[in-house]
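Please put together the full structure from these sequences, using the hints given.
Per this note's numbering, the very first residue in the sequence shown carries number 2; after that it's consecutive.
Derived from the structure by calculation, the hints contain no laboratory data. In this text, all values refer to a predicted model and were calculated from it rather than measured experimentally. Don't take every hint at face value.
Between beta-carbon pairs, the in silico distance windows are [to be verified]:
no., residue 1, residue 2, range
1, S165, G307, 17 to 27 Å
2, D313, S5, 51 to 61 Å
3, A54, G199, 42 to 52 Å
4, N267, L146, 42 to 52 Å
5, D143, D221, 20 to 30 Å
Virtual Cβ for every residue (Gly too), placed ideally from N, Cα, C.
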Amino acid sequence: MTGSPLRVAFAGLAHSHPSTDAATMRALGAEVVGVHDADASSSVEFAARFGGAAVTSVDELHALRPDLVIATPRPHEVVPFLRALTVDGGAPLFLNKVVAATDEQLAALDRVIDAAAAAVGTSSPLRFAPALRAFADGIRSDEVLSIRVLAQHDNAAFQLPGRSWQDDPALGGGTLVTVGVHAWEMLDVVAPGAELLGGSGWTRRSPGSSTRSEDAGGLDGLLRVGNDAVPIQVLITGVPGPDAYGIEVVTASGISSLALSTDDANESLGFRGLGSALLAESAHRRVAAPWAEARTVVANTIRAAGLARAPDPASE
2 MTGSPLRVAF
12 AGLAHSHPST
22 DAATMRALGA
32 EVVGVHDADA
42 SSSVEFAARF
52 GGAAVTSVDE
62 LHALRPDLVI
72 ATPRPHEVVP
82 FLRALTVDGG
92 APLFLNKVVA
102 ATDEQLAALD
112 RVIDAAAAAV
122 GTSSPLRFAP
132 ALRAFADGIR
142 SDEVLSIRVL
152 AQHDNAAFQL
162 PGRSWQDDPA
172 LGGGTLVTVG
182 VHAWEMLDVV
192 APGAELLGGS
202 GWTRRSPGSS
212 TRSEDAGGLD
222 GLLRVGNDAV
232 PIQVLITGVP
242 GPDAYGIEVV
252 TASGISSLAL
262 STDDANESLG
272 FRGLGSALLA
282 ESAHRRVAAP
292 WAEARTVVAN
302 TIRAAGLARA
312 PDPASE
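Next up, the structure:
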């Protein structure tokens with residue numbers, strides 16, 4: 002970066018991503034100017050670690066006039082944060098997952114974004130994973146016949162005090178949404194704007210599991226890719242063990258597959274790429290992964306979770 006560093010503020014510290022984002026922003030030359038969270042002690046600790054002022058409200062954060070706001074709200078904070086931070090054409094606002102886990106939450110989000118006077122965006126960091134973007138570019142001109150995708154992330158952290166809303170299907174979406182959004186983000190990178198047409202699925206929960214949602218779930222469905230209905234298989238897991246994100250695409254030219262490396266997660270899983278994109282766009286008052294494009298991923302994630310959790314008529 003050249004000239005004055007871009008000024009970044011953080012609204013909400015609902016899970017681990019803000020710390021990763023703040024470290025990335027500083028490494029890229031940006032300045033953290035402020036942070037607000039409902040837990041004041043968390044704000045103070047964050048400010049001591051990354052810089053900036055720990056403020057007591059999003060209105061105070063907005064008054065700092067940052068160049069970019071990265072928001073990581075809890076479900077009940079999403080709409081109030083958006084209203085306060087976008088009311089008068091403020092800084093571009095990027096929302097970390099999960100922005101909506103139900104149809105009702107999505108409808109409320111649509112209404113507030115429609116009224117927003119600032120750019121709003123959201124995505125999984127996987128959208129900016131270098132290997133995934135290169136993979137998508139490599140098959141962009143091929144006829145896609147089918148897609149299979151895997152997203153695995155241990156859901157134990159979603160059950161911790163203060164974060165258990167992530168494991169609640171009615172609040173943060175449970176495993177099928179909190180982990181599943183990564184799968185649908187990968188699909189959207191490979192097939193931009195493709196909508197889930199329908200499908201059927203399943204969920205499994207081990208008898209000894211402490212999760213309120215599911216340990217695993219899957220969907221067999223159809224995805225609208227251009228004028229075609231492409232068969233897809235999606236597997237979402239939250240079992241113990243390391244992260245795993247992979248995609249396999251069958252095209253008329255052959256089979257292409259990718260398993261993302263997790264050795265350097267900041268780089269390979271897209272956190273650094275996301276940070277670079279956010280800073281580049283915010284310099285022009287824009288946001289990476291704008292809502293007009295990102296909404297499809299959110300809607301697909303919610304619909305897929307509903308289909309997978311639907312009762313099986315054969316078992317009734």
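Each hint tested on the structure:
1. For the hinted restraint 17 to 27 Å between S165 and G307, the CB-CB distance of approximately 21 Å keeps it satisfied.
2. A hinted range of 51 to 61 Å for the beta carbons of D313 and S5 is consistent with their spacing of about 58 Å.
3. At roughly 49 Å, the beta carbons of A54 and G199 sit within the given window of 42 to 52 Å.
4. Between N267 and L146 the Cβ separation comes to about 34 Å, which falls outside the hinted range of 42 to 52 Å.
5. Between D143 and D221, the C-beta spacing of about 22 Å keeps the proposed range 20 to 30 Å intact.
Checked against the numbered hints above, the structure violates only hint 4.
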